[in-house]
Amino acid sequence: MIARYLRPMQSRWCVEPGDVVRCGALLGSGRVRTHAAFTGTVASIDDERLELDVAGTEQIPSLDPLDVHSSRATVLERIEHAGIVGLGGGGFPTHLKLAEALRRGVDKLVINAVECEPGVHCDAALCEQFEPEIVQGIEALQHLLDAEVHITQGAATCPSRQAWQTHTLNADTPAGAERQLCRSIFGITLAADERPVHHGIVVVNVGTAHAIARALQGWPLISRMVTVAGENRWLAIGTPISSLLEGSSFRVGGRLSGQTVGGDAPIGKTTNAVEPAPASRNAQPCINCAACDVICPEDLPVAQLARLPRGNVEAAQRLAADRCIECGLCTPVCPSHIDVLTILRQHRHDVRHATTQRQAAAAAGNRFEAREQRRAVQSALREARRQERLQRRQRNG
Amino acid sequence: MAETMASQRAPDSRQTMLWVSAALLPGIATMAALFGAAVLLNLGVCLVVAWLTEAVCLRLRHRDWRAGLRDFSAPVTALLVGLAVPPGAPIAAPVLATVTAIALGKHAYGGLGQNLFNPAMVGYTVALVSMPAAFALWPVDAASGATALDTLKHNDGLTLAELLRTPAFGSIGGYGWEWANLAFAMGGAVLIARGIIGWRLPVTFLLALGGLALAFHDGGSSRSAGSPLMHWSMGSTMLAAFFVLTDPVTHPNPRRAQIYFALIAAATTFTIRAWGSYPDGLAFGVLLANAATPYLDRRFA
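Chains as they are written, first to last, in this note's numbering: chain W, 783 to 1179; chain U, 112 to 412.
Bound-form chain W, shown alone (with noise of 0.2 Å):
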């Protein structure tokens, strides 16, 4: 079998072709560490991807145990060494997340197990068989953090402490996409460009909690549920998927949200659900009926980005296709069969990209002018001191 892993971004590989890795052995670091979840031979590397022959399947904890009550700079350290991302289906770096979190200040936790997904039971799963890590990990986020807990659940049970604040929610899409939390939980309706961080609130997802509780334990994060076809399985991250179902490609995700990806995809570390990938439909033409419009939650003019032709990136960011959510409620109403879903996706993604590469201008505009000037400072007390120097030896002299 062969295991494959993706490289985050920002982060390298750090084995070669042919090196032999033990379960558990880092693969890759940077902004996100990358385990192996098996134990093999590297088999090839490019910029995109790491192929390992998998020789064996048993897993052990990699890592030292970890105390609970350990300071919070060595427990965010574990949860970086862990490689943890947000396993409800964000993916960004959980302790940059909670450093952030540190940084500003927060005094409300979430913990999210609101599976609004349809074909997306993992989270349920989890909270069923794992309930003791998962309290764990909680009270280790509440050490960490210092915040009031409160629970968020769907259909499913979360577990719970009398000091904490369940909610259980309707879990009609988007409800567990953090803004809609904010804003059912504690009425706070949270600005374009703002974050549930601005508001002193953090959202972290009931498997990334778990996550970090067995990172506390010694195990990196080399494995997850998922649900695969309607059946939760644990499964190891870089598990083909085709190892797990039949056929040439598949769906990642949720029935709304979900990707199309290829035979040979992996389990990823934010594979939350699998399926058969669904029979492609014959889109028709846009006829601009705007249902699209009215049920996107986050009240964009989707008819209009739908319609816009990519690379009009200018357009797309006037018309904020950078705060889509992708909760994919846009593609099953449109009467024409068009993805709208993976059109938004394409332009969120070009307005981000850009926005990055304007500030990563900035920045180094930035930081050529504070060189320019830290250089013209610098040689002006060169020429100050060569001045004085003249000037002594000329008195000397």
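It is worth saying that the hints were derived from the structure and are not from the lab. Among these hints, one or two may not hold up.
[Claimed, not checked] Pairwise CB distance ranges, derived in the manner of DEER restraints:
| hint | chain 1 | residue 1 | chain 2 | residue 2 | range |
| --- | --- | --- | --- | --- | --- |
| 1 | W | G1012 | U | Y220 | 41 to 47 Å |
| 2 | W | I784 | U | D175 | 24 to 30 Å |
| 3 | W | P1058 | U | A133 | 35 to 41 Å |
| 4 | U | L318 | W | S966 | 35 to 41 Å |
| 5 | U | W176 | W | P799 | 50 to 56 Å |
| 6 | W | S966 | U | W310 | 24 to 30 Å |
| 7 | W | R1089 | U | L152 | 34 to 40 Å |
| 8 | U | A133 | W | A1136 | 45 to 51 Å |
| 9 | W | Q792 | U | Y220 | 44 to 50 Å |
| 10 | W | L1027 | U | L318 | 56 to 62 Å |
| 11 | U | L318 | W | G1012 | 51 to 57 Å |
| 12 | W | G1012 | U | W176 | 38 to 44 Å |
| 13 | W | E1013 | U | V314 | 47 to 53 Å |
C-beta atoms are modelled at their ideal positions from N, C-alpha and C, and glycine is treated no differently.
Once you've looked at the hints, dock chain U against the given chain W.
Just chain U now, with coordinates in the frame of chain W:
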């Protein structure tokens, strides 16, 4: 709920078009009762010509014409054109209007969903300005005569009450037209109830038209441009309000933009009805409002 949302099929574009056609039926029946079988003949001609034009255009554009015909958008255009052309007009009138609607109004812009203007109104307007004589006369009480709108405009010496007694008028609006308008409004109400069209656009349009009529009613004197009730029940007011303005392709989506859109259509319609030289201003009102759609979409997005 989330489960049902994903499994629930959204109404097909095709089903939508079928519903729109079905909602036109009461209006068509009323018109046929008023003006005779010529109404149905017009509709038949328009349907056949629209179907042929659609097929030819799709072929010329190297599209799958069999698949293209299945979306049922051409028949809806054909029905709207057929209802706008006076029965008894020479057959060239509906043919010219339909060919123009499908070929120039829709396919020249890149086909379904890409057109800037309502195709039916493009076709109607081109035919109207090309052969004005054919459009001036609607059969009144078995004899050809001027329409209520014409009579109203060209009889400055008479008060409204006197005008209403001329044969061009029925009890409220044009002869028999109040019934046709009522039937179209009923069809429109069905579409709103089914969620196929929104209520905001037609209601704003009708309120604006009524408001303008009220402002220029002038107490029903000889200079009056007609009462609100008269304007609501004259010409194709309800047909335009519920079936033409609400064409999703050519109206803006943001709510506030729809208000301005309806205001433009109403103001243009009323201006032409009251002081223009054409029998009715609806088509021009719709087209002018259509032209504003890209701006309105952009402005209020």
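Hint check:
Distance hint for G1012/W and Y220/U: a CB-CB separation of about 45 Å, consistent with the stated range 41 to 47 Å. Hint check: I784/W to D175/U, Cβ distance near 41 Å, so the stated range 24 to 30 Å is violated. The hinted window of 35 to 41 Å between P1058/W and A133/U holds, with their beta carbons roughly 38 Å apart. For L318/U and S966/W, the Cβ-Cβ distance of about 37 Å falls inside the hinted range of 35 to 41 Å, so the restraint holds.
A hinted range of 50 to 56 Å holds for the C-beta pair W176/U and P799/W, which are about 54 Å apart. A hinted range of 24 to 30 Å holds for the C-beta pair S966/W and W310/U, which are about 29 Å apart. In this structure the hint that R1089/W and L152/U lie 34 to 40 Å apart at CB holds, the actual value being about 38 Å. With their beta carbons about 47 Å apart, A133/U and A1136/W fall inside the hinted range of 45 to 51 Å.
Look at Q792/W against Y220/U: about 45 Å separates their beta carbons, and that is inside 44 to 50 Å. Hint check: L1027/W to L318/U, Cβ distance near 57 Å, so the stated range 56 to 62 Å holds. Between L318/U and G1012/W the Cβ separation comes to about 52 Å, which falls inside the hinted range of 51 to 57 Å. The hinted range of 38 to 44 Å is satisfied by G1012/W and W176/U, whose Cβ atoms lie roughly 42 Å apart.
Distance hint for E1013/W and V314/U: a CB-CB separation of about 51 Å, consistent with the stated range 47 to 53 Å.
Checked against the numbered hints given earlier, the structure breaks only hint 2 and satisfies all the rest.
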